[in-house]
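Novice: Residue strings, one per chain:
2 protein chains.
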Amino acid sequence: MKQYQVAELHEIFNAGLGKIKTAIQRSSPEGLYQPIDYSLEMGGKRIRPLLLLMSYNLFSDEIENAIPAALAIEVFHNFTLLHDDIMDNAAVRRNRPTVHKQFSENNAILSGDAMAFLAYKYLLSAPMQSQKEVLELFTSTAIEVCEGQQFDMEFENRNNVTESEYIEMIRLKTAVLLGCSLKAGALLANSGEKVAAQLYDFGINLGLAFQLQDDLLDSFGNQETFGKMIGGDIIANKKTFLLIKALEKVSGPEKAELDGWLKKSDFNQQEKIEAVLKIYNSLNIKLLTQNKIDTYFSVCTEILESIEIETEKKVLLKNVSNKMMNRIS
Amino acid sequence: MKQYQVAELHEIFNAGLGKIKTAIQRSSPEGLYQPIDYSLEMGGKRIRPLLLLMSYNLFSDEIENAIPAALAIEVFHNFTLLHDDIMDNAAVRRNRPTVHKQFSENNAILSGDAMAFLAYKYLLSAPMQSQKEVLELFTSTAIEVCEGQQFDMEFENRNNVTESEYIEMIRLKTAVLLGCSLKAGALLANSGEKVAAQLYDFGINLGLAFQLQDDLLDSFGNQETFGKMIGGDIIANKKTFLLIKALEKVSGPEKAELDGWLKKSDFNQQEKIEAVLKIYNSLNIKLLTQNKIDTYFSVCTEILESIEIETEKKVLLKNVSNKMMNRIS
Numbered sequence: 491m492k493q494y495q496v497a498e499l500h501e502i503f504n505a506g507l508g509k510i511k512t513a514i515q516r517s518s519p520e521g522l523y524q525p526i527d528y529s530l531e532m533g534g535k536r537i538r539p540l541l542l543l544m545s546y547n548l549f550s551d552e553i554e555n556a557i558p559a560a561l562a563i564e565v566f567h568n569f570t571l572l573h574d575d576i577m578d579n580a581a582v583r584r585n586r587p588t589v590h591k592q593f594s595e596n597n598a599i600l601s602g603d604a605m606a607f608l609a610y611k612y613l614l615s616a617p618m619q620s621q622k623e624v625l626e627l628f629t630s631t632a633i634e635v636c637e638g639q640q641f642d643m644e645f646e647n648r649n650n651v652t653e654s655e656y657i658e659m660i661r662l663k664t665a666v667l668l669g670c671s672l673k674a675g676a677l678l679a680n681s682g683e684k685v686a687a688q689l690y691d692f693g694i695n696l697g698l699a700f701q702l703q704d705d706l707l708d709s710f711g712n713q714e715t716f717g718k719m720i721g722g723d724i725i726a727n728k729k730t731f732l733l734i735k736a737l738e739k740v741s742g743p744e745k746a747e748l749d750g751w752l753k754k755s756d757f758n759q760q761e762k763i764e765a766v767l768k769i770y771n772s773l774n775i776k777l778l779t780q781n782k783i784d785t786y787f788s789v790c791t792e793i794l795e796s797i798e799i800e801t802e803k804k805v806l807l808k809n810v811s812n813k814m815m816n817r818i819s
Numbered sequence: 491m492k493q494y495q496v497a498e499l500h501e502i503f504n505a506g507l508g509k510i511k512t513a514i515q516r517s518s519p520e521g522l523y524q525p526i527d528y529s530l531e532m533g534g535k536r537i538r539p540l541l542l543l544m545s546y547n548l549f550s551d552e553i554e555n556a557i558p559a560a561l562a563i564e565v566f567h568n569f570t571l572l573h574d575d576i577m578d579n580a581a582v583r584r585n586r587p588t589v590h591k592q593f594s595e596n597n598a599i600l601s602g603d604a605m606a607f608l609a610y611k612y613l614l615s616a617p618m619q620s621q622k623e624v625l626e627l628f629t630s631t632a633i634e635v636c637e638g639q640q641f642d643m644e645f646e647n648r649n650n651v652t653e654s655e656y657i658e659m660i661r662l663k664t665a666v667l668l669g670c671s672l673k674a675g676a677l678l679a680n681s682g683e684k685v686a687a688q689l690y691d692f693g694i695n696l697g698l699a700f701q702l703q704d705d706l707l708d709s710f711g712n713q714e715t716f717g718k719m720i721g722g723d724i725i726a727n728k729k730t731f732l733l734i735k736a737l738e739k740v741s742g743p744e745k746a747e748l749d750g751w752l753k754k755s756d757f758n759q760q761e762k763i764e765a766v767l768k769i770y771n772s773l774n775i776k777l778l779t780q781n782k783i784d785t786y787f788s789v790c791t792e793i794l795e796s797i798e799i800e801t802e803k804k805v806l807l808k809n810v811s812n813k814m815m816n817r818i819s
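Protein chains in written order, with this note's numbering: chain U, 491 to 819; chain X, 491 to 819.
Chain U extracted, bound-state conformation (with noise of 0.2 Å):
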């Protein structure tokens, strides 16, 4: 069985991509395709979709058949990115104009609902042996993502939001739908239920770990490889676990600096950002994130090496998960 490498999986998801976005380029109306189009033309790192053909691959080699299901993956995917967008009325992904901004309000909800629909059809597409319950794992998985979307929303207006709350809404809004891709890749190569249950817990484990990392170089990475700008979550008063843990711990005096800098509006972006980090630095948050990150990165490892495939299969996902967590961006 052929063992894909990382670049060639990334090369034959674009020759698919490339397909779809031809038949979107040529659809009507233009006014709901184009968005689409725009979406996912905005490059992104395919996490999913690769995931899904790495987990497929351990068990398969005719890539192909996988490759619906990928698609059908990474469009769902950009069609959270839609609605998020207008729900954040954020108006920058990926360096450019979200759609809404590009397009119109009307536009990313209608094009998204959409691509919504076009990701169910990818997965009818294929030539599936497991579709039914690839499609029902897809579909509580997409509620699912719904419902983390919602917790996050809920979240922006309540000060008191507890560790194990805020796991769960990681676990929902981003870590689902990795687990959902690393299992369907296994499900449609017929692995059968126990290693497919491993994977995504795998998943689940990786997902609540990048999410983490993720808040963690909001506040700590490095400006410049970063990409974004640091500290964007300290000014937006994003319930971040960093946030969250401080609130927790924080006493006396520094409390009610915490306090004061969460209630003001009017402030200096660089004042609050040093401030807050001060105080993050005080309650020792860094390390206590790291070593959260650390706790859920070691259960996925330990998922992985108890799964019952030659461990020459499972570097792929080893080394890529490992890239994730030592991403510096």
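Just so you know, these hints were derived from the structure itself, not from any lab.
Listed below are the simulated BS3-like cross-link pairs for lysine-lysine, each with C-alpha atoms no more than 30 Å apart in a straight line: (1) Lys684(X) / Lys611(U); (2) Lys535(X) / Lys622(X); (3) Lys511(U) / Lys622(X); (4) Lys728(U) / Lys591(X); (5) Lys492(U) / Lys803(U); (6) Lys591(U) / Lys728(X); (7) Lys611(X) / Lys684(U); (8) Lys768(U) / Lys782(U); (9) Lys509(U) / Lys611(X); (10) Lys611(U) / Lys511(X); (11) Lys509(X) / Lys622(U); (12) Lys511(X) / Lys622(U); (13) Lys622(X) / Lys684(X); (14) Lys622(X) / Lys622(U); (15) Lys728(X) / Lys739(X); (16) Lys728(U) / Lys739(U); (17) Lys591(U) / Lys753(X); (18) Lys611(X) / Lys511(U); (19) Lys813(U) / Lys684(U); (20) Lys622(U) / Lys611(X); (21) Lys611(U) / Lys509(X); (22) Lys591(U) / Lys762(U); (23) Lys684(U) / Lys622(X); (24) Lys622(U) / Lys535(U); (25) Lys684(X) / Lys622(U); (26) Lys611(X) / Lys611(U); (27) Lys611(U) / Lys622(X); (28) Lys753(U) / Lys591(X); (29) Lys591(X) / Lys591(U); (30) Lys622(X) / Lys803(X); (31) Lys535(X) / Lys509(X); (32) Lys728(U) / Lys535(U); (33) Lys509(U) / Lys622(X); (34) Lys804(U) / Lys492(U); (35) Lys813(U) / Lys782(U).
Covered by chain X, according to a simulated footprint, are these stretches of chain U (three or more residues, beta-carbon under 8 Å): (36) 571-583; (37) 603-616; (38) 625-631.
None of these values were measured; they are calculated from a predicted model.
We treat Cβ as the ideally placed atom computed from N, Cα and C, and that holds for glycine.
Starting from the structure of chain U, add chain X where the hints point.
Specialist: Using the frame of chain U, we list chain X on its own:
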């Protein structure tokens, strides 16, 4: 084989709807599920699920097996209302505030999204033999409904919409979902392809006649029985069949007058309605529209007659379509 009456089917459907509403009410986060519950509470005529059940009952009386698909169609239809009402900036539906007014725009976007996936969840929960076919039909229909909504929005900014463009728009926006409901019911009962296709065409022609009648009632209906204000379309310059035909036929001073009303942003509503209705009357628009409705409705009736099933089984669909066309609201 038991022939169900409309009232019985309605009751069975409502029982199924009650069950999913209970599940929705118990789901978390409440902020996601409450708007869904609200939108399903709104009543409505449940035309689409009833058509599905009637179509199913032509071939089978195991109605319970068709309930999940009937729920999927109704939840999908309500999803489109949530998002359309944002896009059309509609404040009221069925005498209650629309979801984005009652809750928020973000709620209407996200809860709408969740409804789209819930529709698939219900579809997938059915004990189906033709599941893949029904899922493909449902998915392609959903994409067409998005295309129809896009055309509808684009027509708002155009004064040169042709009759055939308009018919294609209402086919996509309204008729395909009626066709899908009828065809899905047939497929689920293993009707065979031929009769499923006939029922689809019956639904398309019924849908076209129904939407044209909606246009007609908005300008020529009885204020008291129609439920909403007569002339709403005229005030909003909505590109209905009536306005498109009027713009096509009008000439001379009447054309100048009609163009004037379309351009005027500051006007007395009653005055505009009366003036435009006078032009419609002089151009015989009411008769012209009625003829078009009659044409589609005859096709509809002919298709139903040509379907090779005992005549007594077809009475229900015949009665319901008659009722839909003689409706006063």
